[in-house]
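Grab the two chains, each in its own frame, and use the hints to assemble them into the complex.
Each protein sequence line maps, in turn, to chains A and B.
So for the first sequence, the numbering used here puts the first residue at 55; every next one is plus one.
So for the second sequence, the numbering used here puts the first residue at -4; every next one is plus one.
Misleading hints may appear alongside valid ones.
Said to hold, decoys possible - Computed spacing ranges between beta-carbons, pair by pair:
1) I46(B) to A63(A): 48 to 56 Å
2) L77(B) to S121(A): 35 to 43 Å
3) S(-2)(B) to Q67(A): 33 to 41 Å
4) S138(A) to K64(B): 35 to 43 Å
5) Q109(A) to A(-4)(B): 23 to 31 Å
6) K107(B) to I107(A): 24 to 32 Å
7) Q67(A) to S65(B): 22 to 30 Å
8) L137(A) to E3(B): 30 to 38 Å
9) Q109(A) to S(-2)(B): 21 to 29 Å
10) E59(B) to H59(A): 24 to 32 Å
11) T47(B) to A63(A): 35 to 43 Å
12) S65(B) to E76(A): 42 to 50 Å
Treat the hints as calculated values from the structure; they're not laboratory data.
All residues carry an ideal CB built from backbone N, CA and C; glycine is no exception.
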Amino acid sequence: SQTIHQWPATLVQPVGSPLSLECTVEGTSNPNLYWYRQAAGRGLQLLFYSVGIGQISSEVPQNLSASRPQDRQFILSSKKLLLSDSGFYLCAWAQGRVESPLHFGNGTRLTVT
Amino acid sequence: AQSVAQPEDQVNVAEGNPLTVKCTYSVSGNPYLFWYVQYPNRGLQFLLKYITGDNLVKGSYGFEAEFNKSQTSFHLKKPSALVSDSALYFCAVRDMTSGTYKYIFGTGTRLKVLA
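Chain B with its partners taken away, still in its complex shape (with noise of 0.2 Å):
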């Protein structure tokens, strides 16, 4: 089965200090990842996503993501974090079984930048 899996509920860390954002993923075949920001009483928007090619992926507002074959994981990072980067962080596979057109996505982490 296709999954992700975010394994931190909450990172706190400090303003100015790198940050990061953790998500591993099952999938069968080559797999299609995506990062998601929430702000309160929003919708998610989309940050950036890794199809093939370089492990780094850059995206908006700074962030970056890790693509790692090996380890099966697609970390969040930004080398910089502000205070308004609190927010919720989704990562999330697109479900190629049985050609459907659903994504997957996990539990979601709360990142609280401290200034």
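In isolation and in its complexed conformation, chain A is listed as follows (with noise of 0.2 Å):
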């Protein structure tokens, strides 16, 4: 069966820190992969998601950036993050069928401080 792994669980950086996040799918090849931001417990916003090894479409212009190194692995980055980059981030993947419904991780609850 697929699983999605997600870490860390909770991060509090200072502002203009770096930051990496990591996201890991097993048992699937070459998933549709979403980096999704969801502010106060409500809405969800897509920020990247990717179709392929090194390709990358990005939603929102913003100071965040996201890469695939490899074929399972999707990794939201920051140079320096803002104040306004906390929130809660889900990864999630999908297959390429039409049909295929997202499957999300756990989230990272990111604190800019």
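If you want it as structure tokens, here you go:
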């Protein structure tokens, strides 16, 4: 069966520090990968998605970036965090078929101080 | 533009009563619809999906959803609510425009089941 791992679960970082959140998927190959941010426990904002190694689509211009160095690895990064980067970050994957649902990791709670 | 709407921010229901969480959609072409549940500080869990076929879709934890093409709705239902069903529920539709792979989510409905 497929599983998705996302870490760390919580993170407290000072303003201006770098960020690296990692997500890996097991049990499938060539998944579509996604990073979402959820603010105030409600709406989901799509940040990035990837349909293959090295292929990144950005939805929101900001100081975050994403990379996919391996087929089942998706990394969210920032060189300098802002206070507004605080939130709940969710990684997700889906198979390439149109009827495939998204499957989410357990999220990372990021607090920028 | 493709979209989903969840008109209720919160739904309260007594334990043992039937529950309905509403979702309406706007898409061009055939809709691919999904329901998710989120518990506090956790990721979203997939409940069920509608692709084609029967208008009543059965999913996890006793949930089902009714697809209504004429009303462009996909309401989530459960015959008898449990306190443990209290959570945040999201409706989503697959964005099929321009060959993208995105999913469009509603704003979420908080379900509170009262003992």
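We went through each hint and held it up to the structure:
For the pair I46(B) and A63(A), the beta carbons lie near 33 Å from each other, so the given range of 48 to 56 Å is not met. Look at L77(B) against S121(A): about 42 Å separates their beta carbons, and that is inside 35 to 43 Å. For the pair S(-2)(B) and Q67(A), the beta carbons lie near 34 Å from each other, so the given range of 33 to 41 Å is met. A C-beta distance of roughly 41 Å is found between S138(A) and K64(B), which places it inside the suggested range of 35 to 43 Å.
Distance hint check: the CB atoms of Q109(A) and A(-4)(B) are about 24 Å apart, consistent with the given range 23 to 31 Å. A C-beta distance of roughly 43 Å is found between K107(B) and I107(A), which places it outside the suggested range of 24 to 32 Å. Checked against the hint of 22 to 30 Å, the pair Q67(A) and S65(B) fails, with Cβ atoms roughly 50 Å apart. A beta carbon spacing of about 32 Å between L137(A) and E3(B) agrees with the range 30 to 38 Å that was offered as a hint.
For the pair Q109(A) and S(-2)(B), the supplied restraint of 21 to 29 Å holds, since their beta-carbon distance comes to about 26 Å. A beta carbon spacing of about 31 Å between E59(B) and H59(A) agrees with the range 24 to 32 Å that was offered as a hint. With their beta carbons about 38 Å apart, T47(B) and A63(A) fall inside the hinted range of 35 to 43 Å. Checked against the hint of 42 to 50 Å, the C-beta distance between S65(B) and E76(A) comes to roughly 46 Å, which is consistent with it.
Of the hints listed earlier, those the structure fails to meet are numbers 1, 6, 7, in rising order.
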